[in-house]
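Peer 1: Numbering-wise, our numbering comes out as the position in the sequence shown, counting from 1, plus 49.
Please keep in mind that the hints were generated in silico from the structure rather than gathered at the bench. By construction, the Cβ of each residue, glycine as well, lies at the ideal position given by its N, Cα and C atoms. Where hints are given, some of them may not hold.
[Said to hold, decoys possible] The list that follows gives simulated cross-link-like pairs (lysine-lysine, BS3-like), each with its CA atoms no further than 27 Å apart:
1. 225 x 247
2. 98 x 203
3. 203 x 149
[Stated by the list, open to error] Quick list of simulated restraints, FRET-style, between CB atoms:
4. 162 x 231: 52 to 58 Å
5. 175 x 57: 52 to 58 Å
6. 215 x 141: 37 to 43 Å
7. 221 x 176: 53 to 59 Å
8. 161 x 231: 44 to 50 Å
9. 231 x 103: 19 to 25 Å
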Amino acid sequence: MTMGPPQSEEILREAVSVGADRAILISDRVFAGADTWATSTTLARAIDKIEECHLVILGKQTLDGDTGQVGPELAHRLNMPFIGYASSIPEISRNKMKVKRLMEDRYETFEINLPAAISVVKDINTPRVPSLRGKMKAKNLQIPVWDAAQLGTKEDEVGLSGSYTQVVKIFTPDIKHEIRILEGSTGEQVEQLYKELKELNVI
């Protein structure tokens with residue numbers, strides 16, 4: 050399932066070609082301009098239409114907003130436990146699963162009840178090569194398109210109208226490091242450092 054303009058259908062066909070059983074496109078002009086909250090609202094309505102959804106798997110983040118917020122927001126709306134940065138699923142049964150997630154300097158393993166939602170990093174698996182049969186299935190598959198009417202969403206809760214935030218500008222901030230060497234005895238240096246930190250309201 051993906052939410053986007055009509056051309057997003059291509060990525061769904063790619064997913065089918067490597068093994069997905071079915072695909073659904075969430076698309077409507079009123080969904081345009083959605084922030085993460087409005088996006089999670091739309092996706093939650095779509096998932097509610099699918100019976101017996103035990104596991105929701107999302108990417109770590111989108112390539113445009115790059116916030117990583119949709120996953121936890123969606124899980125909140127679906128009232129599901131959430132684990133981010135999942136790198137593997139060592140064990141899974143009908144009622145629970147173990148999830149190993151990647152942190153900056155270590156791995157963490159959790160056991161959570163199902164249904165649940167996870168966002169994954171690229172280490173989660175290596176996509177298979179599309180088979181000829183898969184390519185033919187993807188080419189001929191009729192992908193349903195669910196719009197606002199089918200999801201039963203109100204105009205003021207999705208898209209730009211349902212967004213609490215707007216992205217005005219995306220940029221990489223300049224990182225500046227200022228280094229100062231304190232002089233004097235150890236006691237004088239400590240006293241000077243304490244004074245300056247206090248002036249900055251750090252302590």
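Peer 1: Now tell me if each hint is right for this structure.
Peer 2: Structure-based check of each hint:
no.	hint	result
1	225 x 247	holds (22 Å)
2	98 x 203	holds (16 Å)
3	203 x 149	violated (38 Å)
4	162 x 231: 52 to 58 Å	holds (53 Å)
5	175 x 57: 52 to 58 Å	violated (24 Å)
6	215 x 141: 37 to 43 Å	holds (39 Å)
7	221 x 176: 53 to 59 Å	violated (29 Å)
8	161 x 231: 44 to 50 Å	holds (49 Å)
9	231 x 103: 19 to 25 Å	violated (59 Å)
Comparing the model with each numbered hint stated earlier shows that hints 3, 5, 7 and 9 do not hold.
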